Amino acid sequence: MNMHTQPQRTPAETALIDAFGDRLSLLPGDGAVMLKRDDAIEAIKHGLPTRRVESWHYTDLRRLLSVVPDFDPTALAKAVAPIVEGSAVLPVLNGKSEAKVPAIDGVAVQSLSEKLIDGSIAPGLDPYGSDDAIGALNTAFVADGYFVDIADGAELEKPIELQNLQAGGQTHVRLAVRVGAGAKAVIVERQAGDGAALVSSVSQLVLGEGAEVTWLIVQEQPEMATHLAQFKAHIGKNAKLTLFVMNAGGKLVRQEVMVKTTGEGADFKLRGINLLAGDTHSDVTMVLDHAVPHTTSTEIIRNVVTGKARGVFQGRINVHQYAQKTNAKMACNTLLLSDDGEFSTKPELEIFADDVVCGHGATVTEIDHDHLFYLMARGVDEKSARGLLVKAFVAEVIEELDDETIVEALEARLDEWFVTHG
Amino acid sequence: MLEIKNLHARIVDDGTEIIRGLNLTVKAGEVAAIMGPNGSGKSTLSYILAGREDYEVTEGDILYNGQSILEMDPAERATSGIFLAFQYPMEIPGVATMEFLKVAMNEQRKARGEEPLKIPEFLKRVKEAAASLSMDMAMLKRPLNVGFSGGEKKRAEILQMKLLEPKLCVLDETDSGLDIDALKIVSDGVNALRAPDRAFLVITHYQRLLEHIVPDSVHVLYKGQVIKSGDKSLALDLEANGYAGVIGEAA
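These protein sequence lines map, in sequence, to chains A and B.
Reading the first sequence from the start, the letters are residues 16 to 437 in our numbering.
Reading the second sequence from the start, the letters are residues 4 to 254 in our numbering.
These are calculated hints, taken from the structure and not from any lab test.
The structure presented is a predicted model; accordingly, all values stated were derived computationally and were not measured.
Beta carbons are placed, not taken as given, at the ideal position from N, Cα and C, and that holds for glycine.
Any given hint could be a false lead.
[What the hints assert, rightly or not] Calculated from the model, a selection of chain A residues having no Cβ within reach of chain B, i.e. all distances over 10 angstroms:
| # | residue |
| --- | --- |
| 1 | 37 |
| 2 | 42 |
| 3 | 49 |
| 4 | 62 |
| 5 | 266 |
| 6 | 273 |
| 7 | 357 |
[What the hints assert, rightly or not] Per the computed footprint, the stretches of chain B lying under chain A, defined by three or more beta-carbons under 8 angstroms from a beta-carbon of chain A, are:
| # | segment |
| --- | --- |
| 8 | 66–78 |
| 9 | 103–110 |
Could you build all of it, start to finish, from the sequences and the hints given here?
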């Protein structure tokens, strides 16, 4: 007799497994892709990760993912104006790429469904490890997205804005970008919508030698949406990546950042702001591998917590044994504005090399009363003074980006959040 | 304009009484100097006037234009015309100086029922005020007071005072940390604001500042009380003989 040692499936797990059966005939992919989908759904059948899985300790997905909506092919999502005027917009509406996209000099754009059908994306579909629930969920269901190839030496004048917009139901999207040697680009990843959707979105980026990319993730899902996202990047020799993450929405959010420096002289900057309100749960989890010598990184995360919001930042830096002369610094600062809110920070350094500079720090503070008094003593009423100080706390990270157009665009999103939640 | 009556106040945290029955009257148009040794309660008095929550008034009253201000919060006091130039102005990272000036000026205008300033008019006023204090506009592009030298911070305080046009100006040791040139610029800034409908409370350790900002009255604060009042000659007397004599007389 077979004994079932596995706990009973949650309604969410059952819904996902059933949905896979229903969707299978509609999912694009060659044999290799379909095999990876099968492996992925097997992983989900083993159960969503709980707090007993170390990387999910603060975000018990099995407990928190209570509802999985059905796919809704009739949902209508509309493209939105890009955050930087004049950007080339590549929209994914309700999980589908557009047939006609703007032509961009030095850039080739393909729909991801084509890459699934011809199987060329298959190697990128492997999950990161046995605890990679987002990777598995996305690999099982991904149907579309874009593949963007930026030619060697191309210097893009305007940003490319990749929009993933939902209108309810489920969407599983992948955005893959290759940046050629010496190319320069600003890429905006816009995650938004107006439905109670379950979204999985995986972005994969490869930076060639000497390439320079600023990638901005602007996540503004509505309060009822579940947003499970992953950003994976390889940074080549002397290449520079600045990743800016703004989390300003969603009911249940996990944004994973998995970055590897693969060439000497590679530099990575992570700047993040989490604006947390209402009864929500948001998690930013980073795993950074310094895999070769002479690479550098800094990570600064600023969090504003109001209402009953719960936030998590896990930052893990692995310095491989031969990755000498690594220089890595990580900081996570939280402004806690409510007694019912909470924020958990887990920095981890795993260092196997002996000639490195690595550090981390975390603070949790309230509004500085001296600062508040100073502003009020100039006639600014208490509410406005608090607003100014909270905005200042996060704006500092934005202003570091040093590109006036981008700074203004992000501050406009910040203002938008304060209008609704200030 | 300002009437402080039998004021008693203590630190909220530990209950230490700092102000112990202070009486002081300052008329419109008057420049009153407050002098006194360290720990006499000078800075505390300035904070209490501005409404800092770390201090609690246990007895007496502060009347401003005949009305008690004890129930007003710092913002209400500021919009009613009370201004404190801080001894140690706070550095506030992330708050752009120009943005702050605009918000503060418009909050005060709102309280007076006036329309917000148009941007060109705002810029014009800031430029004029900055020029009169020999301040570089580039400084004002930085976050509020961040990276300013001691002297620059004091100038920035006077700049704010000029722009906000308060009626009761409290200057807390504005001379500390200033070299002779800066002292002259700051004093000229203050003197230019002297007006029949405006009063000043100038808190200082030294006679030096009072050579530039000549007071109408001088009051010696000791152990939380005004123990002697006089005209500007009192300051000269203190400079020559120290506080010991005055304290001795009062004891």
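Taking the minimum C-beta separation from residue 273 of chain A to chain B, is that value above 10 angstroms?
Non-interface label stands for residue 273 of chain A: nearest chain B Cβ at 30 angstroms, farther than 10 angstroms.
Confirm or reject the statement that residue 357 of chain A sits farther than 10 angstroms, beta carbon to beta carbon, from all of chain B.
24 angstroms, holds
Checking C-beta pairs, does the segment 66–78 of chain B have three or more residues closer than 8 angstroms to chain A?
Coverage by chain A holds for the segment 66–78 of chain B (3 residues, Cβ < 8 angstroms).
Is the Cβ of residue 37 of chain A more than 10 angstroms away from each Cβ in chain B?
50 angstroms, holds
Minimum Cβ separation between residue 266 of chain A and chain B greater than 10 angstroms?
29 angstroms, holds
Distance rule for residue 49 of chain A, whose beta carbon must clear each one in chain B by more than 10 angstroms:
51 angstroms, holds
Could you let me know if the closest chain B CB is still more than 10 angstroms away from the CB of residue 42 of chain A?
Non-interface label stands for residue 42 of chain A: nearest chain B Cβ at 47 angstroms, farther than 10 angstroms.
Checking C-beta pairs, does the segment 103–110 of chain B have three or more residues closer than 8 angstroms to chain A?
holds (count 4)
Minimum Cβ separation between residue 62 of chain A and chain B greater than 10 angstroms?
The claim stands: residue 62 of chain A keeps its Cβ more than 10 angstroms from every Cβ of chain B (closest is about 44 angstroms).
Going through the hint list in order, the structure satisfies each hint without exception.
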